[in-house]
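Novice: Build the full structure now, drawing on both the sequences and the hints.
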Amino acid sequence: MNEKTKTSEDCSRRQFFTHISYTLGGLAAVMVGIPIVGSVLAPIVKKPRPIWRPVGELKTFTVGDIVKVSFIDSSPLPWAGVTAETAAWLHRKGQEEFTCFSVNCAHLGCPVRWVAGARLFMCPCHGGVYYEDGTVAAGPPPRGLYDYPVRIHNGQVEILTSPIPITTV
Amino acid sequence: MESLKRAWLWFDDRTGLGSALGPVIKHPVPPNSASWFYVFGSATLFAFMLQVATGVTLAFMYVPSAGEAYQSLQYITDQTTFGRIVRGMHNWGASAMILLIGVHMVRVYLTASYKFPREMHWISGVVLWALTVIMAFSGQVIRWDQTAVWSTIVASEQAGRIPFIGHWVAQFLIGGETIGGATLSRMFAYHVFIVPALLFIFIGLHLYLVIKNGISEFPKAGKPVDPKTYREEYETLVKKKGIPFWPDAAWRDMVFGFIVITTILLIALIIGPPALGPPPNPSNIDALPVPDWYFIFYFAFLALMPPQMETYLMVFGPLLVGALLFFLPFISNRGERSPLRRPWAVAIVALTIASISGLWAIGISSPWSPHFDAKPLTVEIIGADSGPIYRGGMDFNEKGCLYCHTISGHGGLRGPDLTYIGDRLSTDELTWRIMNGGLNMPGFGGTLTNEELSDLVIFLKSRTKQNQEASSLGGD
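Going line by line, the protein sequences match chains A and B. Using numbering that gives the first Met the number 0, the letters of the first sequence map in sequence onto residues 0 to 168. Using numbering that gives the first Met the number 0, the letters of the second sequence map in sequence onto residues 0 to 475.
Hints listed in this document are in silico derivations from the structure and should not be mistaken for laboratory results. Beta carbons: idealized from backbone N, C-alpha and C, even for Gly. Hints are not guaranteed to be accurate.
Residues from chain B shown here face chain A by an in silico Cβ test under 7 angstroms; the list is partial [what the hints assert, rightly or not]:
id	residue
1	Ala135
2	Glu156
3	Ser282
Specialist: This is the structure:
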């Protein structure tokens, strides 16, 4: 066995060890990485089923009024406490006709307030203003307020829970 | 004493730590780098060490559960021994870190210490700066009160504007579709595990590089960096004139570090931690989420950018700033280092500081926000207690005009001051403007009755300099 063969044999042994070490290391990382990354990313893939939440008896809402209603979101975790609560602006437009707006400003999500005297929704953060039909009246919002589905069920007004509306491009 | 010395000698013999670390802390540094300009990096590190110590202490008492974190913060602040001071130190330590890392960056930029061979010092520093900003934001969120909840939503909405993947990034930040049990647990994991681990790694790299390439010498005008000769020149300089880092240069770091730590402690003692807002109930919408002082300039930026460009500015603005900072050493890594020969560098720093200060000053008063707590106009200001002027003044209070317009010192700042509007606009112009609105004003044509509109116009028409002076004289 001459010197040259010895070296190339050495090299191939060494290469084999290098490759197997990298491969095993990488494989182990991928195997444990799937459940780790998967569980961290799960919330953006797993969607909770929307639920109809009652917000009050039909007769408690006056025609023409816009009032804030609070309800529990679609998937409250046992330790969520008050953070499971959410709110919406409910407008009784007629005997059986309702509109319900998200409280989140379409600009950057701050909570809009209903100013009854002016009949406007106003956002405290960056000055977005909306008319009572949810369309933009002034300020930076790129679109009107988002609305939630509403129904009347067994004399109760119910709102379909929805995600926090994210304005995308 | 003798036995202690013997114990140390035994320990050093078996571990070799003394002989390994001794030369590192006593490595020679250029004599002119032992300067008060060079103390901000170490001060940032001291502030970070304080954050680790106070953060771990808070973790002994804090409950990272969406339903209970708020109560645990109340408990830490009001009922535990020294908890209030520890929370205060953690809060003001964060402020100190943000401030010091900024000053350190400005110093490194002005003395062009990022040039050859210290490009990676700068890049690892930019990563550390970004991680510090993430720590500051996530820290504000895990102070789990009303502002924290709405700040999370505002941040997610900004992330939502990222093209294609915005919606996913936003839900990743919230930890689902709505604020709830998952939001805080995830934010807590970022704040105490993921980002600190990255900080430790990058601080390690940053310090290792300082030892490897040495502290930059204070620049001299007319002595440019030439990558071909720089290393040799630097080695000759430290060999001939170098002084040991410990203690000849380090004493200044210790003195300044002591002042920083003492100041943080004093502020924590005197001012204490920031007051908790109302509980983190997303259905309580009487909120005005304003971030901590060091983010106020960005809050102002978000409010002031032109709406048609905001998506680009919101998403690509921070990316562009980050990329410019990150790639700075590749734009220029040679040539003059002295700020005296780099007027553009000085101008960029001055402009950045002026812009941030300007935005910060506007952000404090946030004139774009309606003032929901504005004091209503009084009968004295209105100048009548019956009739159309009085009714118009009352409508001004009740129809939301007051939230955006000031009259005689009462009201918001969003729209023009209307104290003397009667001198500027005619009855027709006033009517038209109220009915149709304008750039940042809603039209009230659909909500006001004819009588309300006419009263409002008569009231506004009475806001003249002459009338105000007459009424103030009458008042005297």
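Novice: For each hint, tell me whether it holds in the structure or not.
Specialist: Hint check results:
no. : hint   : in the structure
1   : Ala135 : 19 angstroms, violated
2   : Glu156 : 4 angstroms, holds
3   : Ser282 : 4 angstroms, holds
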